[in-house]
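**Q** Using the sequences and the hints given, assemble the complete structure.
2 protein chains.
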Amino acid sequence: MIKDRIDKIISSTKGELIHKKLAFDGGFIKVFEECYKLPDGRLINKESISKNDGKDAAIIITRTTEDKYLIVFQNRINNIVSAEFPSGYIEPFEDVLTGALREVEEETGYVSNSAKIIDSMIPNIGTESSKIYIVYVDNAVKKSSQKLDSDEYINYDLFSFDELKYLIDNQIIQSSGNKLAFYHLKDIIHEEEKRSHK
Amino acid sequence: MIKDRIDKIISSTKGELIHKKLAFDGGFIKVFEECYKLPDGRLINKESISKNDGKDAAIIITRTTEDKYLIVFQNRINNIVSAEFPSGYIEPFEDVLTGALREVEEETGYVSNSAKIIDSMIPNIGTESSKIYIVYVDNAVKKSSQKLDSDEYINYDLFSFDELKYLIDNQIIQSSGNKLAFYHLKDIIHEEEKRSHK
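Listed in order, the protein sequences are those of chains Z and C.
Counting in the working numbering, the final residue of the first sequence is number 198, and the numbers go up one at a time with none missing.
Counting in the working numbering, the final residue of the second sequence is number 396, and the numbers go up one at a time with none missing.
Hint data in this document are derived by calculation from the structure and do not stem from the laboratory.
Keep in mind that a hint or two might mislead.
[Stated by the list, open to error] So, partial list: chain C residues that the calculated Cβ filter (under 7 Å) puts toward chain Z:
{"id": "1", "residue": "200"}
{"id": "2", "residue": "211"}
{"id": "3", "residue": "215"}
{"id": "4", "residue": "216"}
{"id": "5", "residue": "222"}
{"id": "6", "residue": "226"}
{"id": "7", "residue": "230"}
{"id": "8", "residue": "242"}
{"id": "9", "residue": "245"}
{"id": "10", "residue": "248"}
{"id": "11", "residue": "275"}
{"id": "12", "residue": "321"}
{"id": "13", "residue": "349"}
{"id": "14", "residue": "364"}
{"id": "15", "residue": "374"}
[Unchecked claim] Here are a few chain C residues that sit away from chain Z, every Cβ distance over 10 Å (derived from the structure):
{"id": "16", "residue": "254"}
{"id": "17", "residue": "345"}
{"id": "18", "residue": "359"}
{"id": "19", "residue": "390"}
Source: prediction; values computed, not measured.
Glycine included, each C-beta is placed from N, C-alpha and C at the ideal position.
**A** Structure, rendered in structure tokens:
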């Protein structure tokens with residue numbers, strides 16, 4: 001069976017984290033020096049990263065009652081401005097969906113009662129273990145203006161699904177998590193179309 | 199037109215990197231303190247990361263002449279062992295495809311003459327600007343044994359496309375770039391099936 005085969009490979013590959021030491025604390029980014037024991041007994045050193053105290057984050061596909069999608073734009077590292085679904089960190093006191101809906105409202109002023117987790121992933125598995133959830137929010141409506149943090153500057157606009165395809169095909173959506181979210185959305189739309197043709 | 203609309207949003211969001219200072223150098227991971235000027239004139243500080251001197255990397259979907267896919271397993275941060283396509287950093291002296299084929303050979307001993315770039319992405323757009331390319335390698339054959347670095351321990355095995363689906367559906371493939379690569383592969387297989395039914 002495939003499950004047994006995979007379990008065997010995983011257990012024969014599993015190492016052991018022996019110790020971990022804070023090497024740098026910049027406030028937002030921390031770097032750790034870690035020592036691992038490999039399955040063959042060798043000890044190796046690695047550097048790992050935690051951002052924002054290792055909080056998980058969410059990328060939120062947000063579909064409005066007018067069948068448009070909220071896309072935000074902000075100045076990223078090296079002045080890259082790429083199109084992104086709303087996103088943000090989940091705070092320790094809230095669950096993923098509460099945090100996701102809060103982030104959408106802060107970045108765009110839109111609210112909704114319909115949210116579900118459709119995937120999760122680790123963006124940089126070689127250096128971090130924090131997760132990003134992909135959340136699908138439907139029937140969003142504009143309630144208020146943006147409520148941005150003091151160091152944020154975010155523009156947003158509404159795009160149709162075909163316009164999202166344009167953003168993907170022209171590499172205007174650049175982040176791996178956002179691209180993955182788009183593929184999930186494509187599956188959702190495809191399923192809707194199949195149902196409506198029945 | 200959508201292009202004009204997007205160009206306008208991007209230029210009204212674009213900031214300016216004012217200065218950048220090395221804050222930590224761990225050998226593999228560097229952290230920078232950066233100051234940006236936002237479009238409204240405010241100055242904000244950010245921390246950014248560069249790994250392995252900011253080299254780009256590749257995730258390589260590797261399909262063998264027997265229509266199987268090479269999947270590698272290694273002990274990652276916090277002892278997470280996830281299934282991954284072969285991957286690695288592109289060295290400054292080589293192009294993406296040369297580096298991709300080199301990494302596949304080092305991690306598995308498989309070689310091929312058929313490689314193409316099918317996508318690229320930024321894994322952590324909030325803190326880094328390095329790219330990961332998704333490369334598709336076909337007709338791979340076993341040539342030699344693994345040639346791993348002294349700190350690597352990698353197991354690999356061959357999986358059918360349906361078995362890859364199992365790895366995705368059961369979250370055994372966990373990295374965002376690997377998940378995105380799987381969706382691209384799904385499109386490739388889908389196109390092949392359409393052509394073979396014509």
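**Q** For residue 254 (chain C), is the shortest CB-to-CB distance to chain Z above 10 Å, so the non-interface label stands?
**A** Holds, because the least Cβ-Cβ distance between residue 254 (chain C) and chain Z comes to about 13 Å, which exceeds 10 Å.
**Q** The hint names residue 230 (chain C) as touching chain Z; please verify it with the least Cβ-Cβ distance against 7 Å.
**A** 9 Å, violated
**Q** With 7 Å as the cut and Cβ atoms as the points, is residue 222 (chain C) at the interface with chain Z?
**A** Cβ of residue 222 (chain C) sits 4 Å from chain Z, so the hint holds.
**Q** Less than 7 Å between beta-carbons is the criterion; does residue 242 (chain C) satisfy it with respect to chain Z?
**A** Holds: closest Cβ of chain Z sits about 4 Å from residue 242 (chain C), inside 7 Å.
**Q** So, residue 321 (chain C) near chain Z? Judge it on the closest CB pair being under 7 Å.
**A** 5 Å, holds
**Q** Tell me if the interface restraint on residue 211 (chain C) is satisfied: Cβ within less than 7 Å of some Cβ in chain Z.
**A** 4 Å, holds
**Q** Taking the shortest Cβ-to-Cβ distance between residue 345 (chain C) and chain Z, state whether it exceeds 10 Å.
**A** 16 Å, holds
**Q** If you take the shortest Cβ to Cβ gap from residue 364 (chain C) to chain Z, is it below 7 Å?
**A** 6 Å, holds
**Q** Interface hint check: residue 226 (chain C), Cβ to nearest Cβ on chain Z, cutoff 7 Å. Holds or violated?
**A** OK, holds: residue 226 (chain C) within 7 Å of chain Z, min 5 Å.
**Q** Report holds or violated for the interface hint on residue 248 (chain C), using the least CB-CB distance to chain Z and a cut-off of 7 Å.
**A** 9 Å, violated
**Q** Hint residue 275 (chain C) vs chain Z: min CB-CB distance below 7 Å?
**A** This interface hint holds because 5 Å falls under the 7 Å limit.
**Q** Given residue 349 (chain C) as an interface hint, is the shortest Cβ-Cβ distance to chain Z below 7 Å?
**A** Holds - the Cβ of residue 349 (chain C) comes within 7 Å of chain Z, reaching about 4 Å at its closest.
This entry does not satisfy hints 4, 7 and 10, going by the numbered hints stated previously.
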